[in-house]
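S.K.: Residue numbers (the working numbering), protein chains in the order written: chain A, 1 to 131; chain B, 1001 to 1597; chain C, 2001 to 2587.
The hints are simulated quantities; they were obtained by calculation from the structure and are not laboratory data.
Think of the CB as a built atom: it goes at the ideal place given N, C-alpha and C, for glycine as much as any other residue.
Incorrect hints may have been included.
[Claimed, not checked] Computed list of lysine to aspartate or glutamate pairs in EDC-like fashion (alpha-carbon distance at most 16 Å, straight line):
#1 LYS1390(B) to ASP1436(B)
#2 LYS1389(B) to ASP1410(B)
#3 LYS1474(B) to GLU2164(C)
#4 LYS1493(B) to GLU2164(C)
#5 LYS1145(B) to GLU116(A)
#6 LYS1145(B) to GLU61(A)
#7 LYS1530(B) to ASP1592(B)
#8 LYS91(A) to ASP1096(B)
#9 LYS5(A) to ASP1436(B)
#10 LYS1005(B) to ASP9(A)
#11 LYS3(A) to ASP1132(B)
#12 LYS2490(C) to GLU2164(C)
[Unchecked claim] Chain B stretches covered by chain A per the calculated footprint, using a threshold of three residues with CB under 8 Å from any CB of chain A:
#13 1090-1099
#14 1140-1150
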Amino acid sequence: MNKIKSLDDLRQLREGMQAKIKLRESGDNAENIVRIKVAMSTCGIASGAKEIMTYLMDELEQHSIEAVVSQTGCMGYCFAEPTIEVTLPGKDPIVFGDVDKYRAAEIIEKYIIHNELVDGILPANYRTIDN
Amino acid sequence: MADYKMHLLVCGGTGCKASESEQIRDNLLAEVENHDLTDEVQVVMTGCFGFCEKGPIVKVLPDNTFYVQVKPEDAVTIVEEHLVKGRQVNHLLYRDPENDKPVSDSKHMDFYKKQVRIALRNCGFINPENIDEYIARDGYAALAKCLSEQTPQEVIDEIKRSGQRGRGGGGFPTGLKWEITSKSVADQKYVVCNADEGDPGAFMDRSILEGDPHSVIEAMAICGYCTGSSKGLVYIRAEYPLAIQRLKTAITQAREYGLLGEKIFGTPFCFDITLRYGAGAFVCGEETALIHSMEGLRGEPTFKPPFPSESGYLGKPTTVNNVETLASIPVIINKGAGFFSSIGTEKSKGTKVFALAGKINNVGLIEVPMGTTLREVIFDIGGGIKGGKKFKAVQTGGPSGGCLTNSFLDTPIDYDNLISAGSMMGSGGMIVMDEDDCMVSIAKFYLEFTLDESCGKCTPCRIGNKRLFEMLDKITKGLGNEEDLTRLRTLCKVIKDTSLCGLGQTSPNPILSTLDNFFDEYLAHVRDHKCPAGQCKSLVKYTINNDKCTGCTLCFRNCPVGAITGEKRSPHYIDNSICIKCGVCYDKCKFDAVSVS
Amino acid sequence: MDMINLTIDNRPVSVERGTSVLQAASQIGINIPSLCYMKLEDLNIENKPGGCRVCVVEVEGRRNLAPACCTDVSEGMVVKTHSMRAIHARRTVVELILSDHPTDCLKCAKAGNCDLQSLAQYLGIREIHYEGEQSTFREDTSPAIIRELDKCIRCRRCEMMCNEVQSVGALSAINRGFNAVVSPAFEMNLDHSVCTYCGQCVAVCPTGALTEVDNTGAVIRALSNPDKTVIVQTAPAVRAALGEEFGNEPGTLVTGKLAAALRRLGFNYVFDTDFAADLTILEEGTELLNRLTAYLGGDKEVKLPMLTSCCPAWVKFFEHQFPELKDIPSSARSPQQMFGSIAKSYFADKIGVNRKDLVVVSIMPCVAKKYECSREEFSVNGNPDVDFALTTRELAHLINLANIDFKSLPDEDFDQPLGESTGAGVIFGTTGGVIEAAIRTAYEVFTGKKLERLDFTELRGMEGLRRATIDFDGLPIHIGIAHGLGNARKLLEDIQQGKSQFHAIEIMSCPGGCIGGGGQPYHHGDAEILKKRQMAIYREDAGKPIRKSHENPYITKLYEEFLGSPMSEKAHHLLHTEYFDRSKSER
């Protein structure tokens, strides 16, 4: 890994990273890329988030759905762990709570493949300071 | 196969369900079917929107229309008007309380601006184990800006202007704290991150460290630059393995990028961070106790002054900051003091993270601007009380805070308001109680905690709290008298007045605030020997109603201590001298024959 | 000088910056009660954990009451020490302490000498408003110290003494909350710890939580047994402090009354440990000269500096903490043990009593002496050289029990032959004394010249670490002196690192030496008392006709009749010992 030696280095890296993330969003086959974030803080992991993450990756591969599954920190919905956030291309992110394997399958089957919502969506109730 | 063009989201939270939201869903489904829209419109039950005050809620996607206080009969209108004709149903729209104008898009509603995430900005957004994602979100830009464009004093001035106060509970102005350390002369200074989160039910620091460890690392480096410290220490409890692991990963990544170590950003500034593990003693959250613990001494506080900013770790000037305080620092630098100070109240700027717990629907982590009212936090964001019960009190500030009642619900939350209301900000625990909670027992519960967690160094905290606990115990057993209430209050005041550290100075708060706000409940315990909430077992009496008892013997067979006697098919009897008030008979009886008094 | 002006109880006062409110108040005659706070002036010993909260006062503009002991004065400060609020809080705090304290004052070892008792009396506590459960702990008895932690008030003075002053580290606070207490690690017994029995914890304990093992009963039994010949020796520091127990001013010498009292108690012979101190000088002094001569003769193996070995707590300290240095201290036994050994051989033969029927009692300013006489190497076939060691305080109890009006006693002399001593033997009782006594003899033996000047003031004082160079007729001898084991540790670390320049070092465990011993009348935190005792010791020395150990005629006679010469084989057998590595052992 190269050391960041100056502000310019950091800017370059940041822009590179942002571009990379953008690429992920609007790349060649952007239409098919689904992004899933699994909340993996202590509460999430204790409620089974790790298993869900593995399960999601396996299932998505089996369905040949191109998707990026990544971990993230606590979203704050501790009453509904494990929680996952699914962003379909061109759509707003949707957070699903209390995701067990059954519900994970349902989410893939209904929401990701058929764009049908499933019960138990968690309405986003915060603003984060964005750029 | 359906390809839905529209979604109707119906709130399935407890509050809304109690207001017939299930019926609304059924009616909507029926109407959608009536209009032959089943292939195009999907009706979904969701989790609580948190906006229970205006429930039941129906939201229409993709246009984000937000209908409030919907009744089952409104289903027809919504479908006919909105879905078929494409016109919003005006009278169901949320109205802005300021100007009474209807707001259609939920994104423009104040309610959804109630939570503003600064400290938690990246939690649940980035992968905490990937430094690149943090950098993509402006990570380390604040550090770079400080090092390359500003003098330490300029940065300190910026922090001072932002009005940021310590989020660990004390509320000491952060900029001032840094300034004192920066002005202390020493060959070595230290930056300490206090990650010894000890309040029961509080986990904001853990979540930040788990979800966004780099924000803390970056802030510590900035603090190091400002104060002239080259060494940072994170004091973290060993019970936080995931936070420790993520922090370690983050530190390694930062070192690889040269963001920690020698000559950061090509400047002469050097800074590195090591971890120190705490064994989870509550009192080690107190900064002097924390420092002693890091030095390998017994974790107990010493008298201040000297403050750690002058003489701290190994006798060197040390800045001790809480995790949440640090996590906000890069934002202040990047967005400017003005941005931060535009949020909040006159004396408390920015946002505060709270951990909502207790009898509340949306148990979880929230971040709101200072000045948000308790009502907004509990009812709007927290989704109200579980099971549709009545709100009784909210305990803020952890075990050393106070219980606030209905009358404080509209008080804007900030450091000073909470203190004048008889509680405190603390680190941000918020525990909600409903009508079933006995306030004497609650006070006793908190006292038991402080009693266990006291270091035992000073007399008032070590013995005084024990005596308080004993008095409360006596009262909950129905053995107290009115004189005890006076003695309780007197002793509480002396303990607050004479204790060595914040732990003892605040430990009587739960008692004092419940005495102030729920004196009737205390009186009921000592005068009538009754527990109005029915929680104090010693004061509860189980009896069997002769008229209702069928003599089924179910209670007799389940009683663990053999307190119930009676022949088959004739009324049974509970011997209260044997009964341990476990309530099994009450739960088991199929004929409602057991009553509690 | 940077002066600060403030007001205490409406009275203006001007004090130096850095003064505490407590000290500032006392300067204008306002006595704020305190309990855990303790300061020994000149010895650099201060205990101010700010834990008891008895000294709380009201400071204008502060939210909470402030502990006067650890609140420094500031300009314009307005302090009220006896406002309603302060008095109420102070009394409540004391009531709380009393609510967790056994009420067996009438039969407590500390009755009448207890700081808590005095405080309750001072504040006029007549009722405890907050009764409740009391914390209880297992009683711990060791060879020298009894710990009765039910009486502990967590003032932490003992802990400060053990760790900061003595650097022993046997005691520390353990447990949390109501059950927090000061104890060896893992609540072990003291005799399983690194405790040296120096007794400084006992000396500063404000209550009866730490006391010495009481041997008065055993001594009374021996005295009333007609088959036993009971003899007594009394250490130099005792005569400079015992009077305090009977209302004498600190620093009053009661040597004659002490001998009279012991005789009236029924001891068959009343002897003086000072005699054995003179003997120690001959043995230890000779050893030093032997080592020096060997060193000057080019012997690289010789162990220098030589360290004194009279203090049993010090001996136990290096056995635990510096076992690799155990060849460095002099092999000479302490005066107490030399006395016992000579008494049960030379003297027993002289009066024709079987050693089994001879009981040797010692009166010591020390708690560790109880442990020392129980060490196995100081006994013959299970019969100890010294049977019982009593502290100065225990002797006072014994005198009272025997209905002796101490103050009206006539002055009497010690018996012979083991009661004759020189001024050199007397000064063993204070820090710097042993080495001064040794120099008086070593100089004359080494140079063959007569000393012109006997008062080596450069070796005297209360500094924790002192150094001096004595001219041995052209040969500079470098002397180090340490009292308090923490100071001793510094010298030992220098030796470990090969940095020590000294030829001889005197070490005493207790601050001030034996005059500040753990068995002396309680000083209640007043270091002036120690200084007065020290002055008394030097007064006694100055008044002695003989002031050099080798000039003691009875010592000369002892060598002629019995021992031969210093360091002879017999002397070696009876008067020297060896040390053990206790770094891994339990006691």
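S.K.: Against this structure, judge whether each hint is valid.
M.R.: Hints versus structure:
no.: 1; hint: LYS1390(B) to ASP1436(B); result: 9 Å, holds
no.: 2; hint: LYS1389(B) to ASP1410(B); result: 19 Å, violated
no.: 3; hint: LYS1474(B) to GLU2164(C); result: 43 Å, violated
no.: 4; hint: LYS1493(B) to GLU2164(C); result: 35 Å, violated
no.: 5; hint: LYS1145(B) to GLU116(A); result: 46 Å, violated
no.: 6; hint: LYS1145(B) to GLU61(A); result: 43 Å, violated
no.: 7; hint: LYS1530(B) to ASP1592(B); result: 22 Å, violated
no.: 8; hint: LYS91(A) to ASP1096(B); result: 27 Å, violated
no.: 9; hint: LYS5(A) to ASP1436(B); result: 60 Å, violated
no.: 10; hint: LYS1005(B) to ASP9(A); result: 45 Å, violated
no.: 11; hint: LYS3(A) to ASP1132(B); result: 13 Å, holds
no.: 12; hint: LYS2490(C) to GLU2164(C); result: 13 Å, holds
no.: 13; hint: 1090-1099; result: violated (count 0)
no.: 14; hint: 1140-1150; result: holds (count 5)
The structure does not agree with the numbered hints 2, 3, 4, 5, 6, 7, 8, 9, 10, 13 stated previously, though it agrees with the rest.
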